[in-house]
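Given the sequences, and given the hints that come with them, work out the whole structure.
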Amino acid sequence: MKLHEYQAKQLLAAAGVPIQRGRSAKTPEEAAQAYETVKREAGGGAGFACNIKAQLHAGGRGKAGGIQVAASAVEAAERSKALLGKRLVTKQTGPDGLPVSAVLVDERLSGGIELYLAVTIDRSKAMPAFLASRSGGVDIEEVAAKDADAIVRVPVDIDRGLDTAGEDQLLNALGLTGPAAEAGRRILRSLWTAFLATDASLIELNPLVLAPDGRVLPLDAKMTVDDNALFRHPDLAALRDESQEHPLELQAGRIGISYVGLDGTIGCLVNGAGLAMATNDIIKLCGGTPANFLDVGGGANVEQVTQAFQIILADARVKAVLVNIFGGIMRCDWIAQGLLNATQQLQVKVPIVVRLQGTNVEEGRRLLKDAHRLNLISCDELEDAARKVVELARS
Amino acid sequence: MSILVGKDTRVLVQGITGQAGAFHTEKMLEYGTQVVAGVTPGKAGEKVHGVPVYNSVREAVAASGANTAISFVPAKFAYQAALDVIEAKLPLLVIITEGLPTLDMVRIKKRLGSTRLIGPNCPGLISPGAAKVGIMPGYIHTPGPVAVLSRSGTLTYDAVFQLTEAGLGESTCIGIGGDPVIGSTFTDLLPLLEEDPQTEAIVLIGEIGGTAEEEAAALIKAAIRKPVFAFVAGRMAPKEKRMGHAGAIIAGGKGTAMEKMAALRAAGATVVESPAGIGATVAQALSTRRR
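Here the protein sequences line up with chains A and B, keeping their order.
Heads up: the first sequence begins at 1 in the working numbering, then just goes up one per residue.
Heads up: the second sequence begins at 1001 in the working numbering, then just goes up one per residue.
If you are wondering where the hints come from, they were derived from the structure by calculation, not from laboratory data.
Predicted model, so just to flag it, every value in this text is computed and none were measured.
Mixed in with the good hints, there may be bad ones.
As the list claims (entries may be wrong) - No farther apart than 30 Å at their CA atoms in a straight line, the calculated lysine-lysine pairs in the DSSO-like style are these: (1) 63(A) with 146(A); (2) 125(A) with 1110(B); (3) 1254(B) with 2(A); (4) 1109(B) with 2(A); (5) 63(A) with 86(A); (6) 1241(B) with 388(A); (7) 1254(B) with 284(A); (8) 1241(B) with 146(A).
To be verified - Only part of the chain A face toward chain B is listed, based on derived beta-carbon distances under 10 Å: (9) 140; (10) 141; (11) 158; (12) 200; (13) 202; (14) 229; (15) 230; (16) 272; (17) 274; (18) 276; (19) 282; (20) 293; (21) 294; (22) 357.
From the three backbone atoms N, C-alpha and C, an ideal C-beta is built for every residue, glycine too.
Laid out in structure tokens, this is it:
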């Protein structure tokens, strides 16, 4: 689950990471108040400048006008008004953009050296790892692509945490010396505390800035916490911002179905994530475009099949649907019955190609055949089914 | 003679009195697996499909001589359940459960000692004709020369079905799981298959996310002489989106299906383009080899 910058910064501050003075705001009035608070805390005078930063679950907002400057409470309200409630389109959001549900009003810091620091899970080593680089404030993927040595990776024992040698290695990678190194060391420890305490998958400080006055602090913070661990973090679960999620994905998630919207014309209903990905793949191979990824899960009763169809068909671009079910524990005749009931109930008009395989497949196929539905076509082989649905979507 | 599970496997089911535990205990017994004990704290003395239930792994092992554990314990309690098996020093633990926190898996993996872990979030493993320690449908399998290692569930069944229909059979099929941190990766298991006399060919089913396939490619190039056939799911996946499995995500630009396919191809594996072509490709290649 992704967190907003302002939420991440609050959590990091609680763990001891120094952050800029700032307040989040959900309305222009709150933004004006936030400006006054930050100005007062910073001991600022007239013309004190604050950032007004759009809060959304995607990067690239700077180039998209998502970071503004305000030098008065009135300006803070005006800049926020222009951002709040609107959709911001950045390089990372896709063409529809994401709604800006809040802004972060924080003190401007200029100058300084921009560094990169992150903690994440190294899947290959099955350990957490710190990543550090002197190339901060830029796209870290590009840095990695150009020069892998520019990023230093230090794996961390889950029980022992970073030892002094590991800390030194990271501080050296960041180019921090003297008092700045000590500030950096404290940040490393706080970051580790926060990572464990929140069951994070990623905490990324980009940039982490060595300010001209010697302070070391993150200007931006990106945090993702492990969905599988939310059961033991109700406080974090409460931070979820559903406005940042695709409505159909949200709806599907609520009923235990995995759904990802794509941009094609062929809806897919499959049991199993790997099989669902493979079904999308074979549609593409046969010249079609999948409209979605959907894993209906091991349950796949009539209820879930109906809801899955509703979600698929909520996408107006869908011209045909491919149902690919390999029945293991789930019997094909039950799936077939579920399909018949669901499509009847929803009065589905688009053609549906059904490929069933596995337990009780003959009974399942017979049920479909005997129902004599004009728009329900049975195909035994996956490739035939894919070709058929691609053809139907074209016509 | 297949790997990891066979006629000598004696299975202990953790979470045996739960819905999934009870259902699959029956299915494993039907398949001919020796399911010798179950564990649900507080339910000692009960029987599930004739299998005696104990309060703890230690008691169950002492009474039954179990040498393998399969866990259906819910995610919140899975860490402790795994530790119980590790403490009892069972050589093999299979965690079926989906939803374990990643840091719990990091801790479990660190503490494994001499216990091999398969999973979590997996269908388990099967040596056809000998033992099934998992939830896969037994009937689609038949003993034979092809091993299957897969990050998936139903996609694995589909591939196995294709192999069986093509007249080939399987030595051992292992679902390694869909999570970002798993007990055994492709590289952990490939050497066992290379040594297994029954296995003549290996099918590897990967997907987006992580570097398991790239690491497997490096090992295949260096040390695996048996033919490897690979399918990687998720060419259509957009970046930064979790495609069902917790581990199926292209993050930071890395972990795409195309990269994985390229690495496997470069290592000498045959990369199958279509998921529907796995059985036919393997059958064709093996019949050519035999001539």
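Structure-based check of each hint:
1. A hinted pair counts as satisfied when its Cα atoms are at most 30 Å apart, and residue 63(A) with residue 146(A) qualifies at roughly 22 Å.
2. For the suggested pair residue 125(A) and residue 1110(B), the alpha carbons sit about 10 Å apart, so the restraint of at most 30 Å is met.
3. Of the pairs offered as hints, the one joining residue 1254(B) and residue 2(A) holds, with about 19 Å between alpha carbons and a cut-off of 30 Å not exceeded.
4. A hinted pair counts as satisfied when its Cα atoms are at most 30 Å apart, and residue 1109(B) with residue 2(A) qualifies at roughly 26 Å.
5. In summary, the hint linking residue 63(A) to residue 86(A) is supported, as the alpha carbons are separated by about 16 Å, within the 30 Å threshold.
6. This hinted pair checks out: residue 1241(B) and residue 388(A) have alpha carbons roughly 28 Å apart, not beyond 30 Å.
7. Between the alpha carbons of residue 1254(B) and residue 284(A) the distance comes to roughly 21 Å, so the proposed pair stays at or under 30 Å and holds.
8. With a CA separation close to 24 Å, the supplied pair residue 1241(B) and residue 146(A) stays within the 30 Å bound.
9. Below 10 Å, beta-carbon pairs count as interface contacts, and residue 140(A) has one with chain B at about 7 Å; its hint therefore holds.
10. Proximity of residue 141(A) to chain B holds as hinted, the smallest CB-CB distance being about 4 Å (cut-off 10 Å).
11. Given hint, residue 158(A) at the interface with chain B, holds; its Cβ is 5 Å from that chain's nearest Cβ, closer than 10 Å.
12. At a threshold of 10 Å, the smallest CB-CB gap from residue 200(A) to chain B is about 9 Å, leaving the interface hint in force.
13. Interface restraint check: residue 202(A) against chain B, minimum CB-CB distance 8 Å, threshold 10 Å, status holds.
14. Taking 10 Å as the C-beta cut-off, the interface hint given for residue 229(A) holds, the closest approach to chain B being about 4 Å.
15. Residue-level restraint check for residue 230(A) holds (minimum Cβ-Cβ distance to chain B is 9 Å; threshold 10 Å).
16. Interface restraint check for residue 272(A): the shortest CB-CB distance to chain B comes to about 3 Å, inside 10 Å, so the restraint holds.
17. Look at residue 274(A): its Cβ gets to within about 3 Å of chain B, closer than 10 Å, so that hint holds up.
18. Look at residue 276(A): its Cβ gets to within about 6 Å of chain B, closer than 10 Å, so that hint holds up.
19. Among the interface hints, the one on residue 282(A) holds; its C-beta lies about 6 Å from the nearest C-beta in chain B, closer than the 10 Å criterion.
20. Taken as an interface hint, residue 293(A) checks out: its beta carbon lies about 6 Å from the nearest beta carbon of chain B, inside 10 Å.
21. Checking residue 294(A) against chain B by beta carbon gives a least distance of about 9 Å; that is within 10 Å, so the hint holds.
22. This hint holds: residue 357(A) has a C-beta 6 Å from the nearest C-beta of chain B, less than the 10 Å allowed.
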